[in-house]
Each structure stands twice: as C-alpha cells, then as structure tokens.
Amino acid sequence: MNKKPIATELRLAIVLVPLMAALTILSPRFLTLDNLTNVIWSVCFIGILSSGAIYPRITGGIDLSLGSMAALSGIVVDLFMNRMGIAWIPAILMTVVIGALVGLFNGFIVAKIKIPAFVVTMAAKTYLYGIALVVSQGAMLAILEPKPFILISTGRFLGLPNPIYIMVALVIASQFLLRRTAFGRQVMAVGSNEVAARLSGVDPDRVRLISYTISGGTSAVGGVILASLTQQVFAAAASGIELDVMTALVIGGTSAVGGRGSVVGALIGAIMVAFIINGLNLLNVPNLYQPIAIGTVIILALLLNEGYLVPKRRTLSRA
Amino acid sequence: MSSNGNGADLLLECRSITKSYSGHVVLDGVDFSIRRGEVHALVGENGAGKSTLIKIITGATGRDSGEMVYDGTVVPMDHQRRDAEALGIAVIFQELSLIPGMTVAQNIFLGKEPLRPLTRLIDVRRMNSQAQELIDRYEFPLKPTDIIDDISIAQRQLVEILKALSGKASLMIMDEPTSSLTKTEVEMLFKIIALLKSEGISVLYISHRMEEVYALSDRVTVLRDGRLVKVLDKGEISPEEIIRLMIGHKLEEKAVQHELSPKGGAVVLEVRGLTSLGKFEDLSFDLHEGEVLGIGGLVGSGRTELVRALYGADPYDAGTIRFLGTEWIPSVKKSIENGIGFIPEERRLQGILATQSITRNIGIPNLDRIAPRGIVNVKEEDRRAARGIEMLNVKPPRPEQLVGNLSGGNQQKVVLAKWLVRDLKLIFIDEPTVGIDIGAKEEIYEHIRALSARGVSVILVSSDLPELTRLSDRVIVLRRGRFFREFRECVLTGEKILRAASGIREGDDE
Amino acid sequence: MSHHAVRRLILIGLMLALSALITLINPVFLTAGNLLKLLQEAAQTGIIAVGFTFVMITAGIDMSIGGVVAVTSMVCINFLHYTKVPIPILVFLSLFVGALTGLVNGFFITRFKLPEFIVTLATRSILSGLALVIAVKDSMGFVQNVYIQNDAYLWFGTSGLFGIYRTTMAFVILGVGAQIFLKNTRTGTNIYATGANPGAARLTGIDTDRTVIGVYMFSGICASLAAVFISSRMMTAMPELGLGSEMDVIASVVIGGTAFSGGVGDVWGTMLGSLFLALIKNGILKTGISPWIQPIAIGGIIVVTVIVDVWQKRLREHLEARAKLKRLSAERGRDAA
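Chains as they are written, first to last, in the working numbering: chain L, -3 to 315; chain C, 36 to 545; chain H, 34 to 370.
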C-alpha cells in the first residue's frame, strides 16, 4: 500500500480505546446499549456532515453554512412531501440536489470571484437561515408522514439504527473519493500547493467548485436524516453544528493549512467528541461545560496538528 | 593584488569574512572595503557569495568569523538589522519595504513620523513638508501625497532611497536596482547615484549589467565561489575584464567549453513573433527533435516568462506557435496531454507538493494514465512511482516519503521524475540545479542528455553558465525581452554567453 | 475623487433613499423617538464593530466577540447581584474581561501561528460555556433572570441630551477617538502597515506581533464595553447575550468598506455601516416586512457588497496594468531603436 496516513487513523483509533475504558470505569452506564445509541446518533450526524465538509477544508477553505443548510433541507423535504404531495424518495433526491446547488453557488463565489470562504459561507449561513424561516413560517413543524421516511432514521436493520449504515456508507464513499480517485488526488494537491498543482494540470477552480457542491449535498443529506429522526423541523435546527464538525475534522488530522485530511480520521474525531460530551453528561457535569470542553479540545488539537506540545516529526520547517 | 585605500577614508572595512551554511562554505576569508563617497560595485555569478556578504553587512545574518569596522566603529559578531540601520547602512529593496495604501511621505517616515509636541499625534503637515524637502533636494519626480500603489516601480525605488536618506544613511546598498527600469529611468538613477556620491554617501551597487557597472563604479570587487578574486580600480574596469574575472577558472580546471553541433531533424516547435507586453517581444526560433536549446540571459531578460508562455502557464499577446506542425495555443492541460513537460524555476514554491508523498507528487500530472476513468489504479500509480524513484535514483527510495523532507537534489529529482515516467516529446526546464549538491547535479545532467538522445526536445533556461554551456546543442541569448544572439556551430564558453547577455556584440569567434 | 469617497457617498445616498422610501410606507419611521432608537441600535453593534475594524485592518478576524459580550454581561450581573462594588470599578473589570480574551486570542495567533478564525471560534465556544457557568442561578440550578436595579449602572442605558441615548454618545466618542488614533498616531500607522505588508513592516522595525495582540485586545475591550451598555439598556442579561451578533458586526464593517485582506478601511466606514445596518433592520420592522427577511437581507448584503468590492478592485487593477504595460513597451521600443 502506498499510505502513511493509515498510521494517523490507527493512532486515533488507538486513543479511543483507553478513552472508552476510562469512561466505562468512571460511569458504568457508559457501555449500555441505551447510552451508546445516544452517542451514535450524534456521531452519525457529524460524520455525515464531515464526509462532505472535509473537501472545502482540505483546499484551504471552510464551509460554515452546514447547520443552516441541514435545517433548511429538513424544512424543504417536509415541504415537498407533506405540502406538495411528492413521494418521499424523489423529495429526498430533490432536496439533496438543492443542497448541492447551494454549495455550487458558494463554491462559485469562492473559486471564481475569489472571496474568502468563511465570508461566503458565513453569509450563506445567515441567509439560508432566513430562507428557512420564511419557508417554515417561523414554526416548528412536526413530520409524522410518510411512514417510510420516518423509518429512515428510526428504523433498525440487524439491530443497529439505520443512520449508522447511511453514515458508514457516506464515510466509506467519501474516503474512497478522497483516497482513490483522480479528483481526490487533485483536492490534496490543491490543498498542498495550488501553484504546483496548477502547473501539473490541475484546475483549482474546478476542484473548489466541486468541493463546495459536495459539502452542500452532504449537509442536505444530514438535514434529511435529522428531520427523519426528530420528526420535527425548524429553522434553527443544527445551529452551531459547524463547530463540532470542525472539531472532528481537526482532531481527525485535517490540517488547518490544507493538503492533509482523512474522512475516517474525522469520523474517529466525531466519535471522540461525542464520547467526551457523553462522558461529561454521564458524570453529571452540567451541559454548560460542554462548549468549554469543545473549545479547549479544538485548541489542543490545533496545537498538536501543527506540531507543538508534542514533538512530532515535522514535515516542513516553519519558514 | 587588491587596492584598498588607507584606513582614514575607508567607510567599511571587512577582513577575512567567512560564512558557512550547514557545512557548505559560502564565503571563504573575503576581504572587502568601501571608501567614503565612492560608488563600489560588487559582482559575481549566482552563488559567488554576493548576497551572503550583503546580508552580513546589513545584519540580516551573522558571520562565522572575520572583522568588520564601519565608520571607525568595530561591528560585533551579533550585528543585527537594527544595529546596521543605526550605523547608517541602508538597503534599497525592490518593493518589499513599502506599504501599499500609504503615501510617499508616510512610507518615508514609517516608524519615525514627526509628532506634534503636546498630543503625540502625527504631524501630517510637517511630515509632508519634510518629505517635500527631501524630494526637492534631489529633484525627484514625486509628491509627498502620492499613494504608493499609483506610482511606477522606478518612483518606488526613489521612495526607498528617500526613506534611507531620511535615516541619515552613509552607505546605500542597491541590489539589482535596474532590472525593472526603462532606459530613461536608469539614467535618472545614475544621476541620483552621482548626487549621493557628491554628498559623501557611499553606494554599494550589485549588478549583472556590465555596462552599468562600467559607467558608474569607482571600484569593482569581483567574487567567485565565495572568494575574493580582485578589486579593480577605475582605470582597470572594463566589461570584458570583469566577465573574465567572474568566470575565470581555477588553475587546475580547464575552462568549460563545448563545441556546438546543432541537430537538424524534424521541427518540433516553431515560434514566430511571440510577444507578451512588458515581458518579452518578437521572439522567433525553431526547436528540432532531440535538441537541447539553451536560453541564456540576465535576470529579467524574459527567459522564464517565455517558457511559461510556451507551456501555457501564462497567456501572451501576439505571435504564433506551431507544435509538431499544427498551429497551437498552449494551455497546461493541452501541453501535458500532448507530451510536454515543465520544470518550474522555483522548486519549493512551484515544483513540489511538500505535504504529499513521492508517489503523489509523481502521480499528479499522470492522472490521465493512472486514473483514466477517474478511479485511481493504485498498482499503476505505485509502478510509476517506483519507476521514477529508480530511474532518478531518489534517496531515500521510499515512495510514501513526504517530499518536503527530502534534500533539494532529491526533490528536484522527483520533479523531474513525474515527467520522465511519461512519453515526452518536449520538456521545458527552468533552473534545474539551483541549490543542489554536485552529485545530484551530474545525475540530472545525465538525464537531460538521455532525454535528448531519446529524441525528446529540451528547452533549458539556466543562469548557471557551465551548465548551460555543457548541455546545450544551441544557445539563444535574450536581452531585455528581445532576441540578442544565437550560438551555433562554434566553440561555446560561459564567458561568451555572459558577454552576449550583457549586451556585448561581437563576431562568431573561437 | 478617491474610490473610497465615492463608495461612501453611494452608501449615504442609498441610506437617504431608503429612509425616504420607508417613511413613505410608514411615516412613524421619521419620528424622533424611532430615530433615536435606531441610533441606539446602531451604537450597540457599532461599538463592537469599531474594535472589530482594527482587527480586520490587520487582516485578522475575531469570532469571539459574541462570547466576550456574553461573559462580560454575566460578570456584571454577578457583581450587581451579589456585591456592592462601585460602578466605575465594575466597568473597569468588565473591560478587563475583553482585554484578557484579546490577549489570549492574540497569544495563540502570534506565538503559535494558529489560524485566527478557528482560534477565535474556539475561544468563543469556551466563553459561551463560561457565561453559562457563572450565570446567576436559582436554587434548582436554572439560570435566573436577574433584573438590574442599580441606578448608577442603569444610567448607561438611558438617554441624555436631546434624548440621545448614552450608548449612542459613547459610540460617537469611541468612534471619533478610534479614528483619530488610527489615522494620526504611529501605532495606528503600524496597524495599517501590519495588515498591508507585514514583511515590510517588520523590516522597518515594527513589532507586528505586539500590534496584532493589541488589536485583538482592543476588539475584546469594545465588545465588553458594548455588553455594559446593552445589559444596562435591557436592564437584564441572559448568558446568550451577544452570541449571534457576529453577523451584524461583520456586516457593519464590510458595508463600511473594510476588506478582509487587510491594510484598508477606517472607523468612519464602520460607523456608516452600522448605521446602514440599523436602518435596514428598523426599516424591515417599520414597513411590516416579515422579520424573517432580516437574516436573508443581512447575509445577502454581505455577499453582494464583498463581490462588488472585489470586482471593482479587479477592474481598476486590470485597467492600470494595461496602461502600465503599454507605457513600458512603448518606452522599450524607443530604447531599442
């Protein structure tokens, strides 16, 4: 095989084991199926979003509109199914396409007009929220129909909740895209050295366009799953999820500078974040401490990534 | 041998300056001195040690050993930029030291703006009038309220000079100041240098342009391979003599010379009247199959711009290109698809994906072969990488090694490898061996020769004269973006190339 | 006329036109009462935006401002609820919160070269949690809604001369002071230099690290100051106060003409931008348009403004470059002849 990065993912996975052991010791309730299901849901959602959001990240940009897009997608799919009478499968497909198109729009502004990604996607986060408000009329809508749609998230297959399979499928697909396709190679190249990539025949604009489109699409998928699970949609759903996704990505080894990243790593990062939060819950640490924990974790992860704190073999000198 | 003045009128005196970078000796016991109120030129090829000497004088880097005395004060070993400035040593950068969005006056007084006595606010009026005083004194075509973004490069240089003068500089160091100037602007610069001299300010002038050195200098110091060759006095200065000293060889070596015998054969590339405004103009030539065409010229003569345009990396404004007989508007993608390769001038910035493995680096322009339908054939990718590593003898031969961790020579081998694993018809190579050890250099030369023998055409841009001399079948020399001279069917030496690059016209002699 | 001035005139013109339009639809808009409220709204966001402008000029970004507002307001509530600390000291302590946050932000950004965006997002997260932690809670642990009764503290939120709110006065004073500082002191020049060309700035002896830390501290202090005024006016504060104000602040600064690339912009622009934003928000309310349009409008305005700015900058550069090349090649032609 031609990969060192397996080592990163392995290293991360190995960290999970003592983490789980510690949590089990600290609270015997940790390892119950009941508790783990809660964790699993959170991991699924963040995992699905991360599998797409990693692309803009590797190219050196970012997608901050994930949460708003997910919320809007839930509202839109409900609109299609329950107010326009469209069958649930086409409704979902259309919703994902809309998500992809919004992503494409963002990508266009970033790639062709060359506006910094965080401005574009942060503004998108805002106006998508507004659009979600308008479409939902500011209300929290309950989704009780159609039954197959609800089963997407609440149903089980072989004992495990469906979302797990969806998430795993997306993660595998995304990891494959990143590691085994020409496009994936180009994404890494653009993130590593855009000038050199261009001279080697890569079109960075096109790569970015596609990256943001993917991110928009996965946000929509996540939103649909969320709607199916909670059976309610509202404009402020999934607000703030961007931070969790970013944490997962950073822990998973996606470099802040670009050119390095792993979807599986992000997944493991998501698991770690979920464990930490769940662990804090179980230990009866009040919810309020969670954002503090997340914030600290991000900074620690960043420092580790860039080679501070722990002397790791540095790839480049700080020149 | 050298003519140093007596102690009293020496502004700067350096004795036995030695400096090494990671074991590689860059300056070897160099003596150097500048008199008060003189224009002193420092010449030498790339790698001769000029920039290192300047860095040591300006405090940007420290010397390993040797003494330095400036204006009677002994300069300590831990001499910093701030100390140099305080002593009165000023450096004119091209554009690095000016702040866009600010006015001329603001830039001149950056960090030392005149303040109003009570409020400690910047006294803009006094700042502008003081700037105006300086401008008037030297009769510069500037206004204190001009914004840096709006003025020409020549004018920006003037602002740099004023900035230095406002700091009471006694030594003005200018590094290749004329490479972006028009003739009229160069003349103005000369007048200014004369003015500075008349005020007792010394000027240290670094340039490749012989006619300028000849016109301006009171004395010239020639460096070669980190050593002082000679200091020429006014009467001894001539472009030919300087070149001879710059190039001259150690007694043990023979001069690098090469009997040129150009190849005939099919015309691979036909260029007619190629022009890119501001970069190069009206260039025409043919490239034959298997030929190594060397492009010589000084920095700024348009060589890199030419090959980038031919490869499709930059657009051009006029002219035609025919590739293998068909009319051709190049783009990077088209070039790669059709068997054209490109090795860029700056390896770190443009050539390598430092955070990626050797395999990925070699693979990236080969995606059309490795992933014909979008999915990467890992076996094929690994095969190419292995082939590339083996062919180029990359060390360490580990495909998953991150290229950023390799030595310069091995990095360049990877850059070369990614093209050599393809079916090439033509490859552009821009400065292939900068900062690379001798061993790797020779290996790369072998590959270039092998390419040529296989029928692959090579366009080679290089400032390394022995390299250009040895490898080329034919050499064309550019000067200020225009065609100056072609060398074919003669005995070529590096000296001849440099003389042509410097604008010295002469016949085809032996 | 410089394009900055043109831009500003267009902005003012737009504001006048919009005001006219809104008044036509609902004359209540143009009453003193409404306008004074509008100005106060502008001031609340504007005070934060002034500090944010400094950070943007150095080509940085401070996403933690919302968190600073939240924590500062909680600190004030705590002191007001549990102690009898004199108000001036309380205010000083509040500003200290912002300064400390800025110091931490600046430290991680300069010392470890971590990306500004992510670092300040992380500190925001930590601060939002801290706000919850220190919030005054009742016996069951739920966050309590504390009503501020301290008159001296409430003074900040009241109106003064001509009915102008003290928040607005503070905004104007801060704005004027900041602008003078930015344009007329050495440190102000250093801030521009650090943003426009940090390499050159360093060569000239400017300590860019210290400058960066300084602007982040100023940004934090401004956010804290705003928190005092906001909580005073509302006479209460919840731990979420300020979280979510980021877009408004960014919108104000962007509309005002400060670019993310650094080196350009000033406080006048930001003040105009804050005014413009408050106008839009107030207008949406007064004309009966659905309040949900607001986020769409703000997000949309940001995108449009940034795109327009980039386009016209590129257009200018393109035209200049062509002119320069023509000149250069003409001269070279003469030289060679």
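Hints in this document: simulated from the structure, not taken from any laboratory. The structure displayed is predicted, hence computed values, not measured ones. Please note that the accuracy of each hint is not assured.
[Said to hold, decoys possible] Quick list of the computed label-pair ranges, beta carbon to beta carbon: (1) Asp349(C) <-> Ala135(L): 31 to 39 Å; (2) Leu318(H) <-> Leu89(L): 52 to 60 Å; (3) Ala135(L) <-> Pro60(H): 42 to 50 Å; (4) Asp349(C) <-> Leu12(L): 45 to 53 Å; (5) Trp344(H) <-> Glu271(C): 55 to 63 Å; (6) Asp349(C) <-> Phe125(H): 19 to 27 Å; (7) Val209(H) <-> Leu12(L): 51 to 59 Å.
For glycine and all other residues, C-beta sits at the position ideal for the given N, C-alpha and C.
Now the hints, each set against the structure:
1. Asp349(C) <-> Ala135(L): 31 to 39 Å: Violated, since Asp349(C) and Ala135(L) (Cβ atoms, about 56 Å apart) do not stay within the stated range.
2. Leu318(H) <-> Leu89(L): 52 to 60 Å: At 39 Å between Cβs, range violated.
3. Ala135(L) <-> Pro60(H): 42 to 50 Å: violated (32 Å)
4. Asp349(C) <-> Leu12(L): 45 to 53 Å: holds (50 Å)
5. Trp344(H) <-> Glu271(C): 55 to 63 Å: holds (58 Å)
6. Asp349(C) <-> Phe125(H): 19 to 27 Å: violated (58 Å)
7. Val209(H) <-> Leu12(L): 51 to 59 Å: 56 Å Cβ-Cβ, so the 51 to 59 Å window holds.
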